[in-house]
Amino acid sequence: MAEATLSGTGIASMNRSIVRELPLTAQAAPVPEAEPAEEIYLTVIVRVTERPASLDDLYREYVAPIRELNRPFEFLFAIEPWARDLVQPLYELADRGEPIRILESARSVGEAGLLRLANDRGRGGIVLTMPAYQRVEPEAIPKLIAKIEQGEDMAVARRWPRSDRLVNRLQSRAFNFLLRKLIGQVTHDVACGVQAMRRDVLAETPMYGDFYRFLPVLAVREGFRVVEVDAPQHRRDRRTRIYSPGTYLRRLIDILGLFFLVRFTEKPLRFFGLVGMGLSVGGLIVLGFLFVQRQFEQQPIANRPMLLVGVTALTLGAQAIALGLIGEIIVHLSAARGARYRLLDDAPEDS
Amino acid sequence: MMKKPRITIVCPLFNEEDNVVPLAEAVSRSMPAHESWELVLVDDGSTDATYAQARRLVHRDARIRVFRLARNYGQSTATQAGFDHARGDIIVTMDGDLQNDPGDIPALIAKLEQGYDLVAGYRENRRDRLVTRKIPSKVANVLIRWLTGVPIRDNGCSLKAYRRSLARRIGLYAEMHRFIPALAVGITGARTAELPVRHHPRRYGRSKYGLSRVWKVLSDLLVVIMIRWFRDRPLYMFALGALGAFVAALLFVIGAVLAPLMAGSNVDSIVLPSAAIVLIGLALFLLMVGLIAEVALRQVSTWRRPRSAGPASLP
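Those protein sequences? They're chains A and B, same order as listed.
For what it's worth, this note's numbering labels the leading residue of the first sequence as 25, then goes sequentially.
For what it's worth, this note's numbering labels the leading residue of the second sequence as 1488, then goes sequentially.
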């Protein structure tokens, strides 16, 4: 993956459509840089991170079915600084009047950051987001958007039927199986990353770091209605993919993190307390056993490593509980701050 | 446009389609005619027709307001949503399943006006299963009373009356609704009182609790104890733990010194000093965690707290 910073290399001048802003827009409401001539209906956000395909090909391919919707739309390509060279062909397309905007983050912010950056600046009521390579056949896109028009909050593409190698499918199966078992994930293809949603779904779902992957899971937790739509796998998506061991490890850590987030964010002690109680009780049993031996069977215990095992287990248990309590303090203190729920606003307030 | 009512009755509802209408009627019947009140119904992500039923009530009676949560968040959060939208100076909470009797509300309010911040109802003749409901509840209540020092007989009874300023400061989340009195005392030093209330068997629907919540209640209880006793000085709590570990370490050191003396000089006693070292490590760890807790407390107390913006009548 390209890591090097490209500042100072021969970039053909700073094109005026570059938006160089940090994505930390929590306080400053982003202002569209130009008054749109017409109401935008659909914003397509393409996150350019790893292994991007040829972006102009991607655009040409996906713009066709979207154009057939006959609604005003825009394409936002959110890129990190290293990807500047890749978007040059897009500037040419934009100059020819294609509805393309390119948003460049000032530093590397990851996919979640790019998604936020783009969503803050998107003008459409419906957002379609996809990775910078072909996952599903373009004709599946209108199906996703139709779901949103029918009133769903989010529609997630599932690559189905799949036509790639068994290796890929097995990996994907294992990943999604683990997710479903641990989290009760409803969708079958989390990694696909092609999703249509109402704009506020993305805006209101807390998401950071690598958790963008699990956007459907997080959206369900916010009370949004999420549906899955079968979409034929793209022919370019069939390449066999074997990742580095580090990648697999990161995915596993992601799932564990999400599991904790979903199950215990509000109640960390339920988790840490369980671990801590287990260890402490185990340690106490060992120590009690030694005590009985010492007291009633007159065996010396000072030289028994078992004693150290018991004390260490007890110690680890106490540490786990202490960490759980810290978590609870933080949760408790921040709960006094404000609402942690989302109301559906179809009830007109009577006051 | 209605003028601000004096009393807000908050009812979280989860799949109570058959109970909504009778509930509203019962409330309406039992409130004195001269009293200004509103009924806030919070639909906690019901999957049945609860919300539709509640909406229909709104058209019949302007004193009824309905809010709908995006998903099922649980009773605590639903109650908190009710608190957040309540307009009355006195807030009454009750279950949406008709097991509480709205007829008890005037008595609760009268008691509150004698100078309390929170009046909790307790169910005198509980009409529930003995083994799965009443006995566990009894044990839990004794434990809570004993460990938090807040003398409340029946923490599980939802029928309670609060001053608004108190209700807004509790900050309910997760399953903390079970511990409201202890939290109220711990957070605000509220003055609490109790009144016996009636309890009816369920008419419609089924109970949403099971016996499987022992661990959850115990874990939450530990949190409540922490909030009750150490909310403003968490370092003390961790220092107490550290002290315990340190004393244990000291005992092991003494043991290490005495063991060779007692058993002759041939006892290889590397284990006792090691255990002492581990325990001293624990003591240091707990102290550091306590410091982190102080950092968290300091951070949060500098945030603005929109919820406590109202007049704080509490000490």
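Since the hints were derived computationally from the structure, they do not count as laboratory data.
Check each hint, because a few of them may be wrong.
Unchecked claim - Okay, the calculated bits of chain A under chain B, using three or more residues with CB under 8 Å as the criterion:
#1 285-297
#2 355-368
To be verified - Computed footprint of chain B on chain A, listed as stretches where at least three residues anywhere in the stretch have a Cβ under 8 Å from a Cβ of chain B:
#3 183-192
#4 242-250
To be verified - So the derived label-pair ranges between C-beta atoms look like this:
#5 B:Leu1634 to A:Phe201: 38 to 46 Å
#6 B:Pro1747 to A:Gln319: 46 to 54 Å
#7 B:Arg1547 to A:Ala198: 43 to 51 Å
#8 B:Arg1718 to A:Ala77: 32 to 40 Å
#9 B:Leu1705 to A:Leu194: 53 to 61 Å
#10 A:Pro166 to B:Glu1522: 15 to 23 Å
#11 B:Arg1718 to A:Asp224: 20 to 28 Å
#12 B:Arg1543 to A:Ser268: 33 to 41 Å
These numbers were taken from a predicted model, which means no experiment stands behind them.
Heads up, the beta-carbon is just placed ideally off N, CA and C, and yes, glycines get one too.
Status of the hints after comparison with the structure:
1. 285-297: holds (count 5)
2. 355-368: Contact hint for the region 355-368 of chain A vs chain B: holds, 14 residues under 8 Å.
3. 183-192: Contact hint for the region 183-192 of chain A vs chain B: violated, 0 residues under 8 Å.
4. 242-250: holds (count 5)
5. B:Leu1634 to A:Phe201: 38 to 46 Å: Holds: the Cβ-Cβ distance is about 43 Å, inside 38 to 46 Å.
6. B:Pro1747 to A:Gln319: 46 to 54 Å: 20 Å, violated
7. B:Arg1547 to A:Ala198: 43 to 51 Å: Between B:Arg1547 and A:Ala198, where Cβ atoms are some 55 Å apart, the hint is violated.
8. B:Arg1718 to A:Ala77: 32 to 40 Å: 55 Å, violated
9. B:Leu1705 to A:Leu194: 53 to 61 Å: 42 Å, violated
10. A:Pro166 to B:Glu1522: 15 to 23 Å: Because 57 Å falls outside the window, the suggested range is violated.
11. B:Arg1718 to A:Asp224: 20 to 28 Å: Since B:Arg1718 and A:Asp224 have Cβ atoms about 36 Å apart, the given range 20 to 28 Å is violated.
12. B:Arg1543 to A:Ser268: 33 to 41 Å: 59 Å, violated
Checked against the numbered hints given earlier, this structure breaks hints 3, 6, 7, 8, 9, 10, 11, 12; the rest are met.
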